[in-house]
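Asker: Could you build the full structure based on these sequences and the hints that come with them?
Protein chains in written order, with our numbering: chain C, 1 to 679; chain E, 1 to 178.
Be careful, since some hints might not be right.
Label-pair distances were calculated between CB atoms; the ranges are [to be verified]:
#, chain 1, residue 1, chain 2, residue 2, range
1, C, R484, E, R165, 30 to 40 angstroms
2, C, G490, E, A123, 47 to 57 angstroms
3, C, V582, E, Q66, 21 to 31 angstroms
If you are wondering where the hints come from, they were derived from the structure by calculation, not from laboratory data.
All C-beta atoms, glycine included, are put in the ideal place defined by N, C-alpha and C.
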Amino acid sequence: MTPADGATVALLLAFAVAAYAAVASLLGARHQVPALLVSARNGALVIAALLTLAALALLHALLTHDFSLRYVYEHSSRAMPALARVTSFWGGQQGSLLLWAWGLALLTVLVLARSPLGWGRRGAAPFAPLTAQYAHALAVLLGVQVFFLFILGFVSSPFERLPLTVPDGRGLNPLLMDPGMRLHPPLLLTGYMSFSVPFALSIAALAVGWPARAWLATVRGWMLLAWTIQGCGLLAGAWWAYHVLGWGGYWGWDPVENVALLPWLTATAFLHTIMVQERRGMLQVWTHALAIATFALAIFGTFVVRSGVLTSVHSFAQSPIGPYFFAFLGLVLIGSTALLLHRLPRLRSEGRFDALLSRETSFLLNNLLLVGIAAATFWGTVFPLVSEAVRGVKVAVGAPFYQQVNGPLGVALLMLMGAGPLLAWRYTSLQRLLRLLAAPLAMAVAVGLALGLLGRERGLALLAASACGFVVGAVALEYYRGVRARQRGGQGPLPALTTLVARNRRRYGGYLVHLAMVLIAVGVLGSTHQVERTVTLGPGEAAEVGAYTLRHLGLAGFTVDGAQGVLARLALTDTSGQPLAVLEPDRRVYANWEQQPISGIAIHTTLPWLDDVYVVLVEVGETGRATFHIFVNPLVVCLWAGAWLFLLGTLVAAWPETHAAPQGVRAAPPPREVVASEA
Amino acid sequence: MKRRLVRVGATYLVLLAVGWLAPAAGVVHAQEPGPLQQEVREIARTLKCPVCENQSVADSPSQLAQEMRAYIERRLAAGESRQAIVRDLVERYGEGILLEPPREGFTLLVWWLPWLSLALGAAIVVLTLRRAIVQPGAPETPAAAVHDATLPGLAPEEAAHYRARLAEELRQGERGAP
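Answerer: Shown next as structure tokens:
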């Protein structure tokens, strides 16, 4: 028996255990049978172990070239280096789904470990049963697991055998062999998968009730984790597109990109509304609805990424996993909506809205905009299918649609990002708001005037640039006010800043994320000023693009990682003739993929204006002549700076706090769960 | 003195930021592509490359996209209008090449539904707020709420004592709030 056969058995066993443990967990909680709860929890451990074995078996098959497996044959080849064969793990549908299920199994164990009676907690017996809430959350997580293991075991297995043995595999699409591909797909798959936990906690809270404060503290951490992973996945995807695809952009409003953005948007809305629920006890129904919608969108995204269903209604029907995913999605939506409606009477608000100008209402507006962007993006993504089904005519919905619909909503969101944090809870007087807004508004006007007078931006883009200035001003003001308040206590400016952030990490980490969004917006705005030229140059000839000159120095051949290629050397100078860099774009052909030559893109970021000079080698002629596609992309580097700041901000905000819970309106001593989940 | 220093510092920072931003965005590029090329690109951006997966004619390196760009350039150079060129291309490759869905017939739905749903969402928000904020007879300030609160199971003098204490604490809370 080879490891692959063992893995097939492991998948089927894991399916059976998951089905059993889901029921055991539910029955154990309903009828208070500790033995069943203990066995359900141990079931989660067994599933994690079995799926780890299955994942290792697939990895082993990929690394040892076991081409008797269809998956290995279709997604790897002998010519591929070992590291690239590891990426083949998630290069196809079956492997991606296995990664999903494996990740969920590990995450389920982590959720149990961090539950109040988890392993290693003080006072917890090693085999103590779960609380009713965690038992229900476990049942939901296992239910999701049952679905994925059903698909993996019976519909679309990575361990399916080929009827005959073949000497070599087809290999992975070379576009997917880039280092960016090692990061971006597993991040997105993990992100999609992690949205299961907030969903499970939400369903558990709806099913058996969960003290609000404890629930919020728990769910916030898990949602923040999933949201961060998904955000990093999206940014890594943009980075990969920019550095590998060679069309000079980073986001194409492609269906696969759009569906990955959707759960991130609703999760962003969730993370903001729970602050309202935490402070004022309001919007509970809406919070649960967002958790459910986020999970449904994550399932939708997982399905779309690997099946290509959005290209046509027909491919939807043909995809073997399509109907199952559709049924599961329906079950999730109908089941959880029914539960939510059933529990409506229990979810009455404790607080209420006191005034129009308050933090609460700004969060409502924030949610309206985020969900509005998500809805528009969803609608634009599925509309080609709707049109084909209704009229039989295929239409395309591309970047112009999203720019015209999401653009204004995004600018409104930016403006709100500046104003919202300055509003106080419950009620802010107009005078007070205007006084606070003076500095940020001055900043917005200054940026707007500067760019407007220079004629660099107009219309919506000008408004967006002003909004960026506004947010920077507002965040700077918030930091300044905080530091000054601490300085009055006799601290120096730097210690004041560090204690300020350390004591209010959620708030000031959140502001860092806001600044990251501004940086990303600046990158997006800058890239609209892209200058582009296609030139054919003989050796020694030069071309001017924007404020830069590129001189073609010559061509050279090379071989790397099973590919043969040719590279061009280009000397980059600015208009004054100052040499800046030597760029080496290349073009290579991989074995088995001769029809699809890959461009190695050369990018140089100039200082101090942060222009990306982006060169693609398009074609190589007979006499050393070569055709280049050259872009000058202003400020795109701000996107990547924004990505790092995003990560830093979320880490500051999400790092578990060690001191007592921050002072809320109701400063009741936190229940046990809060301490446990944040310790 | 210290405050002034801070203010001067802040002003300087703002100026620095503006000074940094303005020239960065205001770089004057020596050689922009000609107006014809610019227009070709503008048109090509709105068309989907028929043989690619979700790439515009402007961005796609495929042979067909190259030919389509050359075709657009030829016809533009001959002085023909943008509409005529796009119409002919749609006739040849089908409505599916329009990345910007036409604003007519069934396809109007894709344009209007997002705004309609947003308007609906806004209406729900406004209604929720109105109902919550302008409740007839509802106490308008926390202080009024203190006065109106019924305190079951308390003797009147006891209730008065707690009311006074609550009002006092609320006043302090307001003063102390940042």
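Asker: All hints, please: hold or fail.
Answerer: Outcome of the hint check:
1. C:R484 with E:R165: 30 to 40 angstroms: Holds: the Cβ-Cβ distance is about 33 angstroms, inside 30 to 40 angstroms.
2. C:G490 with E:A123: 47 to 57 angstroms: 52 angstroms, holds
3. C:V582 with E:Q66: 21 to 31 angstroms: 28 angstroms, holds
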